[in-house]
Amino acid sequence: AQKVTQAQTEISVVEKEDVTLDCVYETRDTTYYLFWYKQPPSGELVFLIRRNSFDEQNEISGRYSWNFQKSTSSFNFTITASQVVDSAVYFCALSDTGRRALTFGSGTRLQVQP
Amino acid sequence: GAGVSQSPRYKVAKRGQDVALRCDPISGHVSLFWYQQALGQGPEFLTYFQNEAQLDKSGLPSDRFFAERPEGSVSTLKIQRTQQEDSAVYLCASSLGSGGVYGYTFGSGTRLTVV
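Going down the list, the sequences are from chains A and B.
Okay, so the first sequence: first residue is 1 according to the working numbering, each after it adds one.
Okay, so the second sequence: first residue is 1 according to the working numbering, each after it adds one.
Don't read these hints as lab results, they were simulated from the structure.
Be a bit skeptical, because a hint or two may be false.
[To be verified] As a list, the in silico DSS-like pairs of lysine-lysine whose alpha-carbon atoms are at most 25 angstroms apart: (1) K78(B) with K14(B); (2) K3(A) with K14(B); (3) K14(B) with K38(A); (4) K11(B) with K57(B); (5) K78(B) with K11(B); (6) K16(A) with K70(A).
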């Protein structure tokens, strides 16, 4: 069975602080894909990143970076120099060959105060 | 179209009423998924289509929920005899192929409120 755990329910930071959102996953498959989505108050899910299980290279995109560690089954997301516009709910999700649909974590609500 | 389109954006139904939610995926996308997102929770899988075939309906919570995609494009999620616990946002996603490889594009969702 698949499972995604986002232990942080809510995080509040002050603008320009760095913040890391944790994600731990469980799957029996050796081939799988991990995703991060942002859900602003408007409600739509905005795609941020997809990684496959064979690519453990960390990735940086502007102020966003992702740390994928297979040894600990974690795929953490860091926002550097946070901004008020980063305030949203962030979801980590997993899909594997056993189930093509995404399994989502419960989300982390990030509040960035000015 | 350019994105996944869902309608209506909002729906208020009286308890016991039947509702139909529509999803128009990106043209050419083979895979289509429905998710239910309760307030404060992550989206939960309902059902999956590959073209017109419904390959997985393991997430449908009861036999009051029914989904179809008769021509392999537009999909409809129908809920019969709505209950208060059905109140949620219903999200549709489509994918060019196997979702993991190609990624998923989500619609803006339909917010259903059962009163």
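For each hint, the structure was consulted:
{"no.": "1", "hint": "K78(B) with K14(B)", "in the structure": "15 angstroms, holds"}
{"no.": "2", "hint": "K3(A) with K14(B)", "in the structure": "35 angstroms, violated"}
{"no.": "3", "hint": "K14(B) with K38(A)", "in the structure": "32 angstroms, violated"}
{"no.": "4", "hint": "K11(B) with K57(B)", "in the structure": "23 angstroms, holds"}
{"no.": "5", "hint": "K78(B) with K11(B)", "in the structure": "13 angstroms, holds"}
{"no.": "6", "hint": "K16(A) with K70(A)", "in the structure": "30 angstroms, violated"}
Hints 2, 3 and 6 from the earlier list are contradicted by this structure; the remaining hints agree with it.
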